[in-house]
Structures are given as structure tokens and as C-alpha cells.
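J.: Sequences and hints are given; from them, build the entire structure.
There are 4 protein chains.
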Amino acid sequence: MTIDALLKQLLAFRDARDWEQFHTLRNLIVSTSIEAGELLETVQWKSDADIEALLRDPAQMKNLKHECADVLMYLLLVAHTAGFDLVDAAAEKLKLNETRYPVDKARGKATKYSRL
Amino acid sequence: MTIDALLKQLLAFRDARDWEQFHTLRNLIVSTSIEAGELLETVQWKSDADIEALLRDPAQMKNLKHECADVLMYLLLVAHTAGFDLVDAAAEKLKLNETRYPVDKARGKATKYSRL
Amino acid sequence: MTIDALLKQLLAFRDARDWEQFHTLRNLIVSTSIEAGELLETVQWKSDADIEALLRDPAQMKNLKHECADVLMYLLLVAHTAGFDLVDAAAEKLKLNETRYPVDKARGKATKYSRL
Amino acid sequence: MTIDALLKQLLAFRDARDWEQFHTLRNLIVSTSIEAGELLETVQWKSDADIEALLRDPAQMKNLKHECADVLMYLLLVAHTAGFDLVDAAAEKLKLNETRYPVDKARGKATKYSRL
Numbered sequence: 001m002t003i004d005a006l007l008k009q010l011l012a013f014r015d016a017r018d019w020e021q022f023h024t025l026r027n028l029i030v031s032t033s034i035e036a037g038e039l040l041e042t043v044q045w046k047s048d049a050d051i052e053a054l055l056r057d058p059a060q061m062k063n064l065k066h067e068c069a070d071v072l073m074y075l076l077l078v079a080h081t082a083g084f085d086l087v088d089a090a091a092e093k094l095k096l097n098e099t100r101y102p103v104d105k106a107r108g109k110a111t112k113y114s115r116l
Numbered sequence: 001m002t003i004d005a006l007l008k009q010l011l012a013f014r015d016a017r018d019w020e021q022f023h024t025l026r027n028l029i030v031s032t033s034i035e036a037g038e039l040l041e042t043v044q045w046k047s048d049a050d051i052e053a054l055l056r057d058p059a060q061m062k063n064l065k066h067e068c069a070d071v072l073m074y075l076l077l078v079a080h081t082a083g084f085d086l087v088d089a090a091a092e093k094l095k096l097n098e099t100r101y102p103v104d105k106a107r108g109k110a111t112k113y114s115r116l
Numbered sequence: 001m002t003i004d005a006l007l008k009q010l011l012a013f014r015d016a017r018d019w020e021q022f023h024t025l026r027n028l029i030v031s032t033s034i035e036a037g038e039l040l041e042t043v044q045w046k047s048d049a050d051i052e053a054l055l056r057d058p059a060q061m062k063n064l065k066h067e068c069a070d071v072l073m074y075l076l077l078v079a080h081t082a083g084f085d086l087v088d089a090a091a092e093k094l095k096l097n098e099t100r101y102p103v104d105k106a107r108g109k110a111t112k113y114s115r116l
Numbered sequence: 001m002t003i004d005a006l007l008k009q010l011l012a013f014r015d016a017r018d019w020e021q022f023h024t025l026r027n028l029i030v031s032t033s034i035e036a037g038e039l040l041e042t043v044q045w046k047s048d049a050d051i052e053a054l055l056r057d058p059a060q061m062k063n064l065k066h067e068c069a070d071v072l073m074y075l076l077l078v079a080h081t082a083g084f085d086l087v088d089a090a091a092e093k094l095k096l097n098e099t100r101y102p103v104d105k106a107r108g109k110a111t112k113y114s115r116l
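Chains as they are written, first to last, in the numbering used here: chain V, 1 to 116; chain L, 1 to 116; chain R, 1 to 116; chain C, 1 to 116.
Take the hints with a grain of salt, since some may be wrong.
What the hints assert, rightly or not - Each computed EDC-like pair below joins lysine to aspartate or glutamate, with the alpha-carbon atoms no more than 20 angstroms apart:
id : chain 1 : residue 1 : chain 2 : residue 2
1  : L       : Lys46     : R       : Glu41
2  : R       : Lys62     : C       : Asp48
3  : R       : Lys62     : R       : Glu41
4  : V       : Lys95     : V       : Asp85
5  : C       : Lys95     : R       : Asp18
Think of the hints as simulated: they come from the structure by calculation, not from any bench. None of these values were measured; they are calculated from a predicted model.
T.: Right under this line is the structure:
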């Protein structure tokens, strides 16, 4: 599925339930953050070996997918509500990161990018 | 731009800097959460009127776009690293939500969905 | 109860369950962030009037207290594990904030402090 | 310093700057979450060895203390604004956890407590 088709389905889902009234920019951004916290729960208390095992466990993988899905859906609603295209925004930011973190200086160094 | 093209650029960006070594599933999920916190900063201390004004202010809008972009990019890397398609995962979750929140019961009620 | 007495009880709780092995600094910090996300859920989708009502509703107040409690307990464990006193650290930071945000410049302005 | 003395200083700091007007329960909870995200940044991209090194590095330790301090200060303001004692709430929650996670069942198992 394309991300545009997903957004269209998401808006139809929202409108069928008359939920646009709750979808202020603030509420959607707050919800994105809450869902990111739930995504973080998928690795809470896990050792590196546990995380390896998670990737081979269908139930845990399904949970991981769904938590990522929730973050993406709110993020799409944030962008839609604010009136911009999410993927284009990311492409623009990535271009900026390319100048911020030049290959010759950033190569192999985690400290060079505390942020994307 | 399509999201697949974005992911491809993102992986090229990562590999040119030899950063895959830092991109464990845990680190990427932690980074998603950190970026969601930075997104939340875009509305911190703002009144509803301030948020309206933000939408008409180019500098603030750029900042909002970039924070959303950062969350999306990490989320794409999480999905890629775990081996699934992010948009397909969201489409699957949305289908599940449709059965969880039937239109006739959820209509107009925020309390019906504490979570997507 | 004093915060030192609370910490002492918390460590006894941890040790009776043999959970210190899971309490790495990283895990405790990740858990603090997850709990802060759950705290955020207490106001998700709520209007200002809903939040007023929450303060008069015993069940919601209990929930709010417990979510704050979880954040505090992990934070205490972070500080203990890293070897510093949490309250002293806050007193030191507050002193720093006093010089960062001088009264005459910061008075009545939210924009003056994006961060504590 | 006692936590009550800290809260008193914090309220004086707030009132000297006339900031109570911004300190709605929602804003304070949102700010707690943002600061928890900043705390998470202190371990972002770090290996276990890097985190060991952080504990012996005065600059990084100071940063860690200050990020914990920010979370605590907002949490204290949340509790004060909602009208309860933060430490008493934690003591109450800890008592609840003792019944939720009985020693004989929870001993040595991380999976037994996904949440405090």
C-alpha cells in the first residue's frame, strides 16, 4: 500500500467515527509521543539476546509492528492537520542532514549525530 | 516522493557514514522516542491560539516538519531493521482498529479510544 | 514519608525480588521515559474542562497519583544507581535556572523558558 | 535538602517569574514527558561500556543529574498543582506493587513486571 492510500483510509476511519473534533494538532502530537512510549515498551527489560529472540517470535513481532503502526498513523494525522506532506518533509530534512553530517567527518562516529 | 524512495535514500545516508553499527533495534526505538519528545516540544507552553499562529509562521512550521521528519525516519529504520513494511503494518493495524472501534459505538466519543 | 525512607523501601522491594540484575542505568532511564508516557495518557484527548473534572474524580486522581509515583520511583532508582542524591541534584539545577532565567527578563514570558 | 524544601524553592522560583499562569496540569505533564525524553538522550547511541564511562565522567554525570532534576521538578509541580504529596503517592503505589508482584512469583523474573 502507498502511504497516500493509507492516509486516505485513516481519514475515512476518523470521519466515520466523527473524531476530527478531538484531533487538534496538540492532541495528535501528544498521542504520537504516548505511542512512541508504548513502542519503547517492546524492548523494556530486554537483553540484546531477548531482542534477537523477539525478531523470531510471531506474537512479539506483531506487537512491534502494531506499535510502529500507531506512531506512523498519528504522525500522518499531525502532518495532514498541519497541512504538509510527511514524506516530502522527511526528504527535505534528510537533505539537510547530509550537509550537517558530512561523510568525511561523521563516518563511523555515533557522537557525531546525537540527533537525525 | 514515495516512502520507499525515502527509505532507500535513508539507507544510503546511513551506509555512507558507516552508521549501521549503531542502528540496533533498541537504539532506533529509543531514538524514535527521543524524537517524539522533541516533537512534543513544538507545542510546549503554547496556548491554543499560539498553536494556530504556529501554523502560519514559516519558521515554526519548518521546525514542526523537521521534528515529524525525524520521527518518521527512525520509524522507517526500526521497521527496516526488524524486517517489515511500515505502511503495510499500519494498514493491518487500521483494519484491526475498525473492528475494535465499531462506528456505532465509537461515534463522537473520545473515551472510546484511548489508543489508536 | 521522607524521600530517603521511600528509596529505602524501594531498594528492599527490588532486592526481595532479585531485580537489581535488570536495573541497569539504561533500563531504568528507558523505564522512566515509558512511565512519563503513561502519565501523559492521563490527559490524552481531554479538554481543559475534562482535566478540571479529573481533579474532582477519585478514580482518575488515584490513577494520576500512581502514574506520577511510577516516574518518581524509576527516577530515584536512576539516581541511586548512578550514585547521586536526586533532591540535591534538583536543588543544584534550580540554582542554575535562577541565573539562566533572571527574574527581570523572564517575568511572565513562557517563551523565556522552553526548558526548566 | 528535603523534598519539601525543594518544592518550596521551586514555587518561589515560579512565582518570582509569574509563571504559574503557564503551569496548567496539562502543560506540566507534557513538560515532564519532554524532560524524560531528554533524560533518555543521555544514553542514546551509547554501548554498555560507554554508559560505564559516563559514570566516571564529571561533565556527563552533571548532565545526567540535571536531566533527572528537570523531570523531578516538573513532577513535583504536577503533584502540587493536582493537590497531592508526591512521595506519599509513591509509597502508596509501592505498597500496591508489593501485592501485585508477590516475592515468590516475581523473584528473578523481568517479565513479571512490565510496569512498576
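J.: Taking the hints in turn, state whether each one holds.
T.: Going through the hints against the structure:
1. Lys46/L / Glu41/R: 19 angstroms, holds
2. Lys62/R / Asp48/C: Violated, at roughly 37 angstroms.
3. Lys62/R / Glu41/R: With a Cα-Cα distance of about 14 angstroms, the restraint between Lys62/R and Glu41/R holds, given a limit of 20 angstroms.
4. Lys95/V / Asp85/V: Given pair Lys95/V, Asp85/V holds - Cα atoms ~16 angstroms apart, limit 20 angstroms.
5. Lys95/C / Asp18/R: Holds, at about 17 angstroms.
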